[in-house]
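Engineer: Protein chains in written order, with numbering that gives the first Met the number 0: chain D, 0 to 455; chain C, 0 to 455.
In short, the hints are calculated from the structure, not lab data.
Ideal placement from N, C-alpha and C gives every residue a C-beta, glycine not left out.
Please note that a few of the clues may not be correct.
[Unchecked claim] Here are the in silico distance ranges between beta carbons for each label pair: (1) D/Asp226 - C/Glu360: 44 to 52 Å; (2) C/Glu13 - D/Pro452: 31 to 39 Å; (3) C/Thr133 - D/Asp205: 51 to 59 Å; (4) C/Met191 - D/Asp201: 49 to 57 Å; (5) C/Glu438 - D/Ala443: 57 to 65 Å; (6) D/Glu254 - C/Lys251: 25 to 33 Å; (7) D/Asp205 - C/Pro172: 24 to 32 Å; (8) D/Glu225 - C/Glu360: 30 to 38 Å; (9) D/Val60 - C/Ala408: 45 to 53 Å; (10) D/Leu200 - C/Glu438: 39 to 47 Å; (11) D/Asp205 - C/Asp201: 42 to 50 Å; (12) D/Glu254 - C/Met53: 41 to 49 Å.
[To be verified] In silico DSS-like links for lysine-lysine, alpha-carbon gap of 25 Å or less: (13) D/Lys128 - C/Lys92; (14) C/Lys323 - C/Lys7; (15) D/Lys289 - D/Lys251; (16) C/Lys284 - D/Lys251; (17) D/Lys92 - C/Lys128; (18) D/Lys251 - D/Lys409; (19) C/Lys323 - C/Lys284; (20) D/Lys323 - D/Lys284; (21) D/Lys365 - D/Lys403; (22) D/Lys7 - D/Lys409; (23) D/Lys7 - C/Lys289; (24) D/Lys7 - C/Lys7; (25) C/Lys92 - C/Lys7; (26) C/Lys289 - C/Lys128; (27) C/Lys251 - C/Lys284.
Protein chains: 2
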Amino acid sequence: MADDRTTKYVLNEENLSEAWYNIQADLPTPMAPPLHPGTGQPIGPGDLAPLFPMDLILQEVSQERYIEIPQAVQDVYRLWRPTPLYRARGLEKSLELPDRVKIFYKYEGVSPSGSHKPNTAVPQAYYNKIAGVTRIATETGAGQWGSSLAMACAFFGIDLKVYMVKISYAQKPYRRAMMETWGAECVASPSMDTNAGRAILDADPDSTGSLGIAISEAVEDTATREDTKYSLGSVLNHVLMHQTVIGQEAIKQLEMAGAEPDVIIGCAGGGSNFAGLILPFMPAKFAGGKARIIAVEPAACPTLTRGVYTYDFGDTAGMTPLLKMHTLGHTFMPAGIHAGGLRYHGMAPLVSHLFDLGYLEAQSVKQVAAFEAAIMFARSEGIIPAPEPTHAIRVAIDEALLAKESGEAKTILFNLSGHGSVDMAAYDTYLSGSLQDYEHPAEAIEEAMTHIPSRA
Amino acid sequence: MADDRTTKYVLNEENLSEAWYNIQADLPTPMAPPLHPGTGQPIGPGDLAPLFPMDLILQEVSQERYIEIPQAVQDVYRLWRPTPLYRARGLEKSLELPDRVKIFYKYEGVSPSGSHKPNTAVPQAYYNKIAGVTRIATETGAGQWGSSLAMACAFFGIDLKVYMVKISYAQKPYRRAMMETWGAECVASPSMDTNAGRAILDADPDSTGSLGIAISEAVEDTATREDTKYSLGSVLNHVLMHQTVIGQEAIKQLEMAGAEPDVIIGCAGGGSNFAGLILPFMPAKFAGGKARIIAVEPAACPTLTRGVYTYDFGDTAGMTPLLKMHTLGHTFMPAGIHAGGLRYHGMAPLVSHLFDLGYLEAQSVKQVAAFEAAIMFARSEGIIPAPEPTHAIRVAIDEALLAKESGEAKTILFNLSGHGSVDMAAYDTYLSGSLQDYEHPAEAIEEAMTHIPSRA
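Full structure from sequences and hints, please.
Structural biologist: As structure tokens, this is what we get:
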């Protein structure tokens, strides 16, 4: 009977990672630097100093292979880390897979905010704290990032102001309440608290906001206050590096299970949970390893599968440095899918670089198919997934079924980046049969791409 | 630094309990039996056979000290068990406690439904399955029980119909969506699906329902179908026994920590999470152990602190056997506090018996004070508690502060029975300053008690 049921691989605390893995040390070719939008020249640490504490800026450009995780950060990680890895025997049984096809998942939903986001929120709050920063400003879409940073700031005694996209602020009051429970101030963006917000509300009092507008507000907030720094939950190198604790643990747990993955899968919006899982597997891949690595994005925001690889702004308003990345254009407005965390016009430069070098595959998935997979997963494994990783589950199931048909042996690993307890409205919509698929017509994507500075 | 931060005590899977602890073997005096309401005579196993599978009926009356946990149940427990025990260093720091005052908490929110309820939902589904039952009917108030049983039924391939109190059905759509995600059918009670429901809707089409009405519907559903059994999430002996895995693990984890509790605290509604923690500590208490054991109930439903100890019905409609328990009267309607899981007019007969014998203390807490404690807890420890265990946290903090003042050494243990991700509306109400306290006037309680059969 034991062999029929899902198996959990638990690491004890001695296996907590003591260093983040910095893939920049091992890249076959270096990344293209961010450029100053005015001069077109590479930006230096000094250009970022108004926004970030120097420790994080140095991590952003570091070429050291391992960066020690400060003891104070490890002590917080320890509250929920190491996270479990599961062999998905329940799901395998539902799919009637032969024993040669195995599915594993790493589960990040055991953190207090329910996702992988605290892996970077905690060190970001810590490095701000030791730099003497007393207040942070950030933006959030669906609220996973804002709530995780709120918790981290509570631990380190830092004030936090979150600009939350107005439509999500209205639709996801639970996420706002979580931020406030952890002591953060959360306002709907566009707000009356910044010039950027007021200008937009003047022009359109009914604006429902966007991630781009919220970034503009948080950056302006930071730039106009001495006590405040800015914080970002994905995209940047140091953010992805903080997430590598996921993959480091997964490697140890797969060893416990005596398994080696043939396919490694993660959903990708900005790219942080995907990178967190896959980066520690990359040295083996660079050395000729055969494991396929698949980034799964929503069909409604197909950055890798339909975007271009070029320099573009990180935000809609065009206030950030230019980042070389896969992008649909910084003015692209992804359809209103439930996986709010995957609605980003670009992709982390590091993930884009690895994709461009041919080390990664990309697939896009429609949300109805993703939720169909999630329902099967929940009924087989118990955990109800957040809308974002439903995309990874869909591809994991598809890969398993392909192997079942073809007769090949295949070990599949995916990242279950969070649970869906605060996103049950999405399941409700699916179960009532009213969930819609979205795909942007080619012309809409073409049009958005004409606004990319390097193509304008 | 490590000593400043909360410490997590993790058991490996070899420490998963292999048997439930049945305190009936060790009671100094036996419990009073349930009585048939018609004859006034003790009921026998045969009387319960239409409602429950025989394995559970035998557990209800067993005098064996340990009852083996079936392998198939252990295999599901393993998905999230053993659960962690924490030394609450963050909270201790916020309270500025001296080192002689220590707070520990056992955390049951790591289960997929977010509470301790699956500890009994899984074995109940299992014993129904091996008895050939293909369908279960149950009721749920706030939805913790209904969703946990939905998950358990999904694992064992059993159909589930949940009658959910209509006001909660409307106010907590996320809980309903969880049940449906796990494959259960959930209807608002009173429903048009039973005679009991139709009669109530005929008389009052706007009825918002009650737990008593929902029980009536689930019991009628069971009684009128060959394929269906009934399932209850608290109160009964076998339900409490299934929860003893909590306390068994806690004892091992406290040994790891080198700690011995002076005070053990749990919130108590029907009594199952409280009993799950404290029952394994009772043999030491019977042997003269000095640990104080405190049941915490809401001031709005003060069963132990203001009720009487006598025979009463388990449900509002008076359809169940008579149970000897602390009760406010089966027609008592507790005020609409957010801790829906604590709104029960009675108390588990086993907990009532231990209280009557003088082994337990009871305290009542108002919800504003409970949420105040929960906010401090969340900002210190990360986890946002469900509304029910906020009551336990309040008393844990009060006990710690008393010891801080008095100079005594004190080790406190409480049960954090679930997380609050699906209950953030309650926090929102508290944070906006509009949360109300409720206390029932003495006359209202006296009036409800006149309906208790043994006092009528």
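Engineer: The structure should be examined with respect to each hint, and the outcome stated for every one.
Structural biologist: Against the structure, the hints come out as follows:
1. D/Asp226 - C/Glu360: 44 to 52 Å: holds (48 Å)
2. C/Glu13 - D/Pro452: 31 to 39 Å: violated (59 Å)
3. C/Thr133 - D/Asp205: 51 to 59 Å: holds (53 Å)
4. C/Met191 - D/Asp201: 49 to 57 Å: Holds: the Cβ-Cβ distance is about 52 Å, inside 49 to 57 Å.
5. C/Glu438 - D/Ala443: 57 to 65 Å: holds (60 Å)
6. D/Glu254 - C/Lys251: 25 to 33 Å: holds (27 Å)
7. D/Asp205 - C/Pro172: 24 to 32 Å: About 26 Å separates the Cβ atoms of aspartate 205 of chain D and proline 172 of chain C, which means 24 to 32 Å holds.
8. D/Glu225 - C/Glu360: 30 to 38 Å: Violated, since glutamate 225 of chain D and glutamate 360 of chain C (Cβ atoms, about 53 Å apart) do not stay within the stated range.
9. D/Val60 - C/Ala408: 45 to 53 Å: holds (51 Å)
10. D/Leu200 - C/Glu438: 39 to 47 Å: holds (45 Å)
11. D/Asp205 - C/Asp201: 42 to 50 Å: Since aspartate 205 of chain D and aspartate 201 of chain C have Cβ atoms about 46 Å apart, the given range 42 to 50 Å holds.
12. D/Glu254 - C/Met53: 41 to 49 Å: holds (45 Å)
13. D/Lys128 - C/Lys92: The given pair, whose Cα atoms are some 18 Å apart, holds under the 25 Å limit.
14. C/Lys323 - C/Lys7: violated (39 Å)
15. D/Lys289 - D/Lys251: Answer holds: lysine 289 of chain D to lysine 251 of chain D is near 19 Å, not above 25 Å.
16. C/Lys284 - D/Lys251: Given that 25 Å is the threshold and the Cα spacing comes to 43 Å, the pair is violated.
17. D/Lys92 - C/Lys128: This hinted pair holds, its Cα atoms lying about 18 Å apart.
18. D/Lys251 - D/Lys409: holds (19 Å)
19. C/Lys323 - C/Lys284: holds (23 Å)
20. D/Lys323 - D/Lys284: holds (23 Å)
21. D/Lys365 - D/Lys403: holds (23 Å)
22. D/Lys7 - D/Lys409: Within the cut-off at roughly 19 Å; holds.
23. D/Lys7 - C/Lys289: Violated - the C-alpha atoms of lysine 289 of chain C and lysine 7 of chain D are around 38 Å apart, more than 25 Å.
24. D/Lys7 - C/Lys7: Holds: lysine 7 of chain D and lysine 7 of chain C sit about 18 Å apart, inside 25 Å.
25. C/Lys92 - C/Lys7: holds (16 Å)
26. C/Lys289 - C/Lys128: Violated, at about 42 Å.
27. C/Lys251 - C/Lys284: holds (17 Å)
When each numbered hint is compared with the structure, violations occur for hints 2, 8, 14, 16, 23 and 26.
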